[in-house]
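FYI, full-length UniProt numbering numbers position 343 of the sequence shown as 343, with every residue one higher than the one before it.
These are computed hints drawn from the structure, not numbers from a lab. Do not rely on the hints blindly, as some may be mistaken.
Unchecked claim - Between beta-carbon pairs, the in silico distance windows are: (1) SER328 / VAL171: 34 to 42 Å; (2) THR68 / ALA148: 28 to 36 Å; (3) ILE221 / VAL171: 17 to 25 Å; (4) GLY78 / GLU160: 37 to 45 Å; (5) GLY249 / ILE134: 55 to 63 Å; (6) ASP139 / ARG76: 55 to 63 Å; (7) GLY335 / ARG187: 40 to 48 Å; (8) SER354 / GLY78: 46 to 54 Å; (9) ILE221 / ARG147: 35 to 43 Å; (10) GLU168 / ARG73: 41 to 49 Å; (11) VAL298 / GLY61: 26 to 34 Å; (12) ARG76 / SER354: 21 to 29 Å.
This structure is a prediction, so every number in the text was calculated from the model and none was measured. Backbone N, C-alpha and C fix where the C-beta goes; we use that ideal spot for every residue, glycine too.
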Amino acid sequence: MSSDESGPPRRPVRVGALAAALTAALAFLCCTGGTGAFFLTELGGDAAEQQLTPTSIECTGDFEVDVTGTMPRFARYGERQLRNAAVIIKVGQEMRVPPRGWVIAVATAMQESRLLNLANRTVAESREIPHEGIGADHDSVGLFQQRASWGTVRQRMNPEYASRKFYEKLVEVSGWEKLPLTVAAQRVQISAFPDAYAKHEELAARIVDALAGGAARTVLIAGQEVCDSAASGDIAASGWTAPIPGGVGSGFRTASRPAHNGVDIAAPKGTLIRVAATGRVLVSRCDPDRRGRHSCNVDGWPGKGGCGWFVDVLHAQGIVTRYCHMVSRPRVAAGDTVEAGAVIGEVGSSGNSSGPHLHFEVHTDGDRSSRSAIDPVPFMQSKGAPLKGTG
Numbered sequence: 001m002s003s004d005e006s007g008p009p010r011r012p013v014r015v016g017a018l019a020a021a022l023t024a025a026l027a028f029l030c031c032t033g034g035t036g037a038f039f040l041t042e043l044g045g046d047a048a049e050q051q052l053t054p055t056s057i058e059c060t061g062d063f064e065v066d067v068t069g070t071m072p073r074f075a076r077y078g079e080r081q082l083r084n085a086a087v088i089i090k091v092g093q094e095m096r097v098p099p100r101g102w103v104i105a106v107a108t109a110m111q112e113s114r115l116l117n118l119a120n121r122t123v124a125e126s127r128e129i130p131h132e133g134i135g136a137d138h139d140s141v142g143l144f145q146q147r148a149s150w151g152t153v154r155q156r157m158n159p160e161y162a163s164r165k166f167y168e169k170l171v172e173v174s175g176w177e178k179l180p181l182t183v184a185a186q187r188v189q190i191s192a193f194p195d196a197y198a199k200h201e202e203l204a205a206r207i208v209d210a211l212a213g214g215a216a217r218t219v220l221i222a223g224q225e226v227c228d229s230a231a232s233g234d235i236a237a238s239g240w241t242a243p244i245p246g247g248v249g250s251g252f253r254t255a256s257r258p259a260h261n262g263v264d265i266a267a268p269k270g271t272l273i274r275v276a277a278t279g280r281v282l283v284s285r286c287d288p289d290r291r292g293r294h295s296c297n298v299d300g301w302p303g304k305g306g307c308g309w310f311v312d313v314l315h316a317q318g319i320v321t322r323y324c325h326m327v328s329r330p331r332v333a334a335g336d337t338v339e340a341g342a343v344i345g346e347v348g349s350s351g352n353s354s355g356p357h358l359h360f361e362v363h364t365d366g367d368r369s370s371r372s373a374i375d376p377v378p379f380m381q382s383k384g385a386p387l388k389g390t391g
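Work out the full structure, taking the sequences as your base and the hints as a guide.
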């Protein structure tokens, strides 16, 4: 069990892209939500897309895309952009590329062209071909801003051709399915801004879900795309996995524990804890107890206070996940980049705890405080990485 009492009020702390500043002034009572807010531009995405709620889209097993049908609605992407995304997904399906590839491709086009088929002001021929905007990057054109070596101008401005060429390069990348999205995309694109793709992963997965029957919630198991089963290091097409096996014992803000800002998942001491998605470690340390003692190397007890050994990780679109009560010092340090499914520690009972378990939290908007906490159960379900049990 974890602490249910709020720490002293603190003003939000907002930080720009400098990762070094993320570790400053972090004193707060964990598991109840302090009030520090932290932002990282290359992972956080645009503010207009940071208001996230778990999707209600079910993983249907029928992922066929209708490129001519009615398009879903997204705040910053119009019908023609989503139709382009549908074409990208459709080509991936025709090539038998797994849904993880669709998410990577859509996120790449979001970064390169905002899902618009762009001409180029320096390429006269491109402006004579139907287009949806004009870019100016070297001789790059089309959804993926492909240069001359990728094909003729007319070919590169054909969304089907451009998508096919992207996938052909992607599947040649060794182990691409397990790579962080931004790494896989960069291996194909060779961009001058290799970290720029990461911020689009969250929304790209939601677009794939909306267009393809929840396909981003699948994981490849024995050659089959299986819905809502990402655990034990298997990564869903969305880029997420359950942090540990086991059922939710104590839920989010229940009637008996209204200040419980996460869920408790029981597991034997020493069970490996995996980071739920690729991100950057914000905090990795011992949380002081109610008396200010850093006594995380021993088992805690109810009423002691604090998260014990814990880790906070910032993901794309400003999502923050928290992992509390580890048995010993975490395996990662503040500032580290961690890949989805990487082991960051082991289950323990340090801090405010009555027995071995993982206290797991999800926060939005890059804000680590209690006001941004959301219920991890529906959130993780929406990512295809469900937490067992209902809490």
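Do the hints match the structure? See the list:
no.	hint	result
1	SER328 / VAL171: 34 to 42 Å	holds (40 Å)
2	THR68 / ALA148: 28 to 36 Å	holds (31 Å)
3	ILE221 / VAL171: 17 to 25 Å	holds (19 Å)
4	GLY78 / GLU160: 37 to 45 Å	violated (20 Å)
5	GLY249 / ILE134: 55 to 63 Å	holds (56 Å)
6	ASP139 / ARG76: 55 to 63 Å	violated (27 Å)
7	GLY335 / ARG187: 40 to 48 Å	violated (24 Å)
8	SER354 / GLY78: 46 to 54 Å	holds (52 Å)
9	ILE221 / ARG147: 35 to 43 Å	holds (37 Å)
10	GLU168 / ARG73: 41 to 49 Å	violated (32 Å)
11	VAL298 / GLY61: 26 to 34 Å	violated (48 Å)
12	ARG76 / SER354: 21 to 29 Å	violated (45 Å)
This entry does not satisfy hints 4, 6, 7, 10, 11, 12, going by the numbered hints stated previously.
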